[in-house]
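All chains should be built: construct the whole structure from the sequences, respecting the hints.
Here's the letter readout for the chains.
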Amino acid sequence: MSPERKIDLAWLMLVLLSVGGAGIARSDANAVLVAVGVSLVMAIKLRLVCNYFLELHEAHPRIRRAVLAFCHGMPILVILTTAFGDTLSSLTGALLG
Amino acid sequence: MWVGIFCEITEFALLFAVFFIARAHHPEAFQAGPERLSLLAGTGYTLMLLTSGWCVARALHAMRRGDRRATVRWMLAGFVFGLGYPAIKIFELQRNFALGLDGSAGVFIVSYYYLTFTHLVHVFWGLLGMMWVIARTGLGAYTPEEHSGLEAFACYWHVTDMIWLMIFPLFYLLG
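Taken in sequence, the protein lines are chains S and G.
For the record, in the first sequence the residue sitting at position 33 is 70 according to the working numbering, with numbers rising by one throughout.
For the record, in the second sequence the residue sitting at position 31 is 799 according to the working numbering, with numbers rising by one throughout.
What the hints contain is simulated information worked out from the structure, not anything from laboratory work.
Think of the CB as a built atom: it goes at the ideal place given N, C-alpha and C, for glycine as much as any other residue.
One should not assume that every hint holds.
As the list claims (entries may be wrong) - Among the chain S residues that face chain G by a calculated CB cut under 8 Å, a handful are:
1) 38
2) 40
3) 41
4) 44
5) 52
6) 55
7) 58
8) 59
9) 73
10) 75
11) 79
12) 91
13) 100
14) 118
15) 125
16) 126
Unchecked claim - Listed next, the stretches of chain S that the computed footprint assigns to chain G, with coverage defined by at least 3 CB atoms under 8 Å from CB atoms of chain G:
17) 64-72
18) 81-90
19) 108-115
Next up, the structure:
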């Protein structure tokens, strides 16, 4: 498959996932499940942009690791802060006084 | 180029940290928040930026195979879709202000404005950069062998796109 064709398919996937993600968020499932679904969609979309648009494989390894940590960290943080919001609140409350 | 991108993600990482702390301290406000915003506008921004990013990626590949006219055409298409972002922003802001969603509408809306306006500033820089790159491409400044300016711009634009892919679910989807 040509690189251009891969980019076209990545864009199509991104559009479908964006619309599908909105559908997940509007479902009546519990908050943690919705957070997991939305985070999963976010992670896939970020990975598609990194691989096919940004061409992250060409970056310096340190930069690549930093960008990937950011892309993987965000969806994980969404789930953790949804599931353990009270703990984060008490921790940051203690730190901020 | 990559160092600049590292700085950009560091800036937004700090802003996201503030978001998560505010969300932990005010769960009710953030749970009710997405229903106060227009999901149609949020999805519209996403589709505009993704499509603009796709056009820029295609422009880069056109340049690599030496097709300068196709590069300019793809970049112009990317610019038009990129302009869709501020255009939707104008309509969304009119809607928000009509509904009383201004700076005094609570912690969720304030968080929404500071993150999305910071992102909007990055989009504006990107659109200005895109105009510059289109002009340079049209004047023949880039070749299949040397088009680092075009590559640098494309990287910046895709990272701006990625940041939006994080902002969109935080404010428009998670209840």
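Status of each hint after checking the structure:
no., hint, result
1, 38, "violated (13 Å)"
2, 40, "holds (6 Å)"
3, 41, "holds (5 Å)"
4, 44, "holds (5 Å)"
5, 52, "holds (6 Å)"
6, 55, "holds (5 Å)"
7, 58, "holds (6 Å)"
8, 59, "holds (6 Å)"
9, 73, "violated (11 Å)"
10, 75, "holds (5 Å)"
11, 79, "holds (5 Å)"
12, 91, "holds (4 Å)"
13, 100, "holds (4 Å)"
14, 118, "holds (5 Å)"
15, 125, "holds (4 Å)"
16, 126, "holds (4 Å)"
17, 64-72, "holds (count 3)"
18, 81-90, "holds (count 6)"
19, 108-115, "holds (count 4)"
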